[in-house]
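Q: The residues making up each chain are set out below.
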Amino acid sequence: QKEVEQNSGPLSVPEGAIASLNCTYSDRGSQSFFWYRQYSGKSPELIMFIYSNGDKEDGRFTAQLNKASQYVSLLIRDSQPSDSATYLCAVNTGFQKLVFGTGTRLLVSP
Amino acid sequence: DGGITQSPKYLFRKEGQNVTLSCEQNLNHDAMYWYRQDPGQGLRLIYYSQIVNDFQKGDIAEGYSVSREKKESFPLTVTSAQKNPTAFYLCASSTGTRPNTGELFFGEGSRLTVL
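Order-wise, the sequence lines are chains U and H.
Quick note: the first sequence, position 100, residue 100 per the numbering used here, numbers continuous.
Quick note: the second sequence, position 47, residue 1047 per the numbering used here, numbers continuous.
Since the hints were derived computationally from the structure, they do not count as laboratory data.
A couple of the hints might just be wrong.
Stated by the list, open to error - Here are some, though not all, of the chain H residues that point toward chain U, as calculated from beta-carbon distances under 8 Å:
id, residue
1, Pro1039
2, Leu1043
3, Tyr1048
4, Glu1108
5, Gly1109
To be verified - Just so you have them, the derived chain H footprint on chain U, three or more residues with Cβ under 8 Å:
id, stretch
6, 42-50
7, 98-110
To be verified - Each computed EDC-like pair below joins lysine to aspartate or glutamate, with the alpha-carbon atoms no more than 16 Å apart:
id, chain 1, residue 1, chain 2, residue 2
8, U, Lys42, H, Glu1108
9, H, Lys1009, H, Glu1108
10, H, Lys1071, H, Asp1030
11, U, Lys42, H, Asp1038
12, H, Lys1070, H, Asp1054
13, H, Lys1070, H, Asp1030
Glycine included, each C-beta is placed from N, C-alpha and C at the ideal position.
I would like the entire structure built from these sequences, with the hints used as guidance.
A: Structural data, given as structure tokens:
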């Protein structure tokens, strides 16, 4: 079982819709969780991080964490074509290094 | 502006040659990392360093070497022993302080192609 799993996609949504991206992880001791956005050919940039169970909102983005079920999700409201990118889920297992999923490719059509 | 600088951005290498990728940061971060990304794949950890003059192997260290002689610098050498070196290489840093958030700051990457 991979440590961090994501559906590779692509996830296609129309402009203005809500995009829902999901990630599961295997290490119950994981402490912090990150969502990075990566445009093609570019380096990842941090979108959200979350440590506690529940929801965390930042503008159009909401991160959701459920440690009991070992999943973390990212909701993007009012999706825009500029949101089209690959979204990487990353998990900090407590050893000062992040483990990344393979990413979900999001396509937002005008 | 603070940040991480990687060079070169693009590099071509013949088989059997060693190459060194540069990574410099002026964020005063203690921890630095090298990741490799292949097409359609996530990031895989090559090496990381939490403090000067110390570093640890990541998940795919074979065929690579690093040094950490200065806090600001963490160069990666891709040796001829690396069987499939063509990839996108990303350097990152983090504060490394407790509580460790784990947030990584990335450089722009170096794309290595073996001819």
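Q: Each hint needs a verdict: does it hold in this structure or not?
A: Quick rundown of the hints versus the structure:
1. Pro1039: violated, 10 Å
2. Leu1043: Status holds, d = 4 Å.
3. Tyr1048: holds, 6 Å
4. Glu1108: Holds, about 5 Å.
5. Gly1109: Cβ of H/Gly1109 sits 5 Å from chain U, so the hint holds.
6. 42-50: holds (count 6)
7. 98-110: holds (count 6)
8. U/Lys42 with H/Glu1108: This hinted pair holds, its Cα atoms lying about 6 Å apart.
9. H/Lys1009 with H/Glu1108: Between H/Lys1009 and H/Glu1108 the Cα gap is close to 8 Å, so the pair holds against 16 Å.
10. H/Lys1071 with H/Asp1030: This hinted pair holds, its Cα atoms lying about 7 Å apart.
11. U/Lys42 with H/Asp1038: holds, 13 Å
12. H/Lys1070 with H/Asp1054: At roughly 10 Å apart (the allowed maximum being 16 Å), H/Asp1054 and H/Lys1070 satisfy the hint.
13. H/Lys1070 with H/Asp1030: holds, 10 Å
Hint compliance for this structure: hint 1 alone is broken.
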